[in-house]
Amino acid sequence: MILVTGGAGFIGANFVLDWLACGDEPVVTLDKLTYAGNRENLAPLDGDSRHLFVKGDIGNSKLVGRLLREHRPRAVLNFAAESHVDRSIHGPEQFIQTNVVGTFRLLDTLRLWWAQLPDAERSAFRFLHVSTDEVYGSLGPKEPAFVESRRYEPNSPYSASKAASDHLVRAWHHTYGLPVLTTNCSNNYGPLHFPEKLIPLVIVNALAGKALPVYGDGQQVRDWLYVNDHCNALRHVLKAGRVGDTYNVGGWNEKTNLEIVRTICRLLDELRPRADGRSYAQQITHVADRPGHDRRYAIDARKLERELGWKPAETFETGIRKTVRWYLDHPRWVQRVQSGAYRQWVERQYEHEACAA
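Going by the working numbering, the first residue of the sequence shown is number 1, and it counts up by one from there.
Certain hints may be false.
Unchecked claim - Taking lysine to aspartate or glutamate pairs in the EDC-like style, the calculated list, with each CA pair at most 20 Å apart, reads:
id, residue 1, residue 2
1, K210, D276
2, K255, D217
3, K32, D57
4, K210, D119
5, K311, D245
6, K142, E259
7, K255, E317
8, K197, E317
Hints are computed from structural coordinates only; laboratory data are not their basis.
Using the sequences and the accompanying hints, generate a full structural model.
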């Protein structure tokens with residue numbers, strides 16, 4: 001069996017659902033259920049004997065140690081993280097606590113448990129740490145995409161906390177021999193995405209008749225990765241990745257933020273037209289740029305393709321259509337995830353920042 005931390009969040013939940021759709025190896029999911037950890041994401045597994053959900057914190061060494069002793073996982077996949085850049089700017093301490101202190105405690109609990117395993121189990125065990133391309137910093141317009149050997153240059157409290165966690169994972173491998181794997185992925189999108197990130201926020205706001213906020217000139221470039229492609233990549237890395245190595249996971253889809261928003265508007269114009277016949281693009285509103293906003297990210301995923309035979313199945317055009325359709329087909333999920341705290345956050349984040357489109 002495997003243990004998945006942060007498994008009720010966006011990427012983690014998609015991974016757990018995908019894992020059990022592809023095979024019968026049991027999963028224990030550990031999640032603290034903060035604002036972005038939604039137990040309903042795993043509702044399709046209710047009553048499934050292959051899945052056990054445990055509410056808890058990766059920083060709780062006593063709980064993690066008990067789960068390790070009771071279930072003896074052959075692998076632990078760490079998705080648990082605070083991940084929203086805007087939130088990290090307004091309140092960085094929680095990012096340090098979860099992404100740095102939490103990862104440290106998880107690693108050290110794992111180290112002590114792993115060290116006393118029988119030789120065969122110890123050599124077969126893997127710890128897969130899921131990280132981000134943001135640790136590499138920002139790219140110029142003509143610079144080549146991020147490769148695994150690129151120097152870390154994090155620019156936000158979020159990316160700095162993830163960079164720190166990556167360094168801890170590396171150190172626990174080199175100092176203690178813990179068999180680790182690290183992945184650094186580009187921007188994910190797809191079903192179950194909490195609607196504070198760009199793509200789900202635009203979909204939800206558009207349907208509600210609200211402004212579609214675009215930071216600055218909207219020319220910030222990101223590489224976009226459909227979440228199911230990411231899940232497939234993680235299975236490849238877990239199965240055959242070299243211990244101690246890092247693999248970049250990207251979708252080969254560099255798009256500006258404004259291009260993303262306009263694409264979503266076009267799809268909604270087709271799939272759910274406005275009652276007045278006008279385009280959803282009329283709702284686009286430019287807002288003041290975020291402090292220290294990185295201009296461009298791009299992932300070079302050739303190592304993962306060359307060594308492990310992975311490449312994304314979805315183009316951006318196919319993936320974004322699936323994503324928009326999912327949100328149109330799941331209004332109840334959207335309604336329930338939009339808690340009062342979430343609405344207050346969005347209103348606080350963007351109020352008084354609107355300027356002429």
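Taking the hints in turn, this is what the structure says about them:
no., hint, verdict
1, K210 x D276, "15 Å, holds"
2, K255 x D217, "14 Å, holds"
3, K32 x D57, "5 Å, holds"
4, K210 x D119, "58 Å, violated"
5, K311 x D245, "18 Å, holds"
6, K142 x E259, "19 Å, holds"
7, K255 x E317, "11 Å, holds"
8, K197 x E317, "19 Å, holds"
In summary, the one numbered hint that this structure violates is 4.
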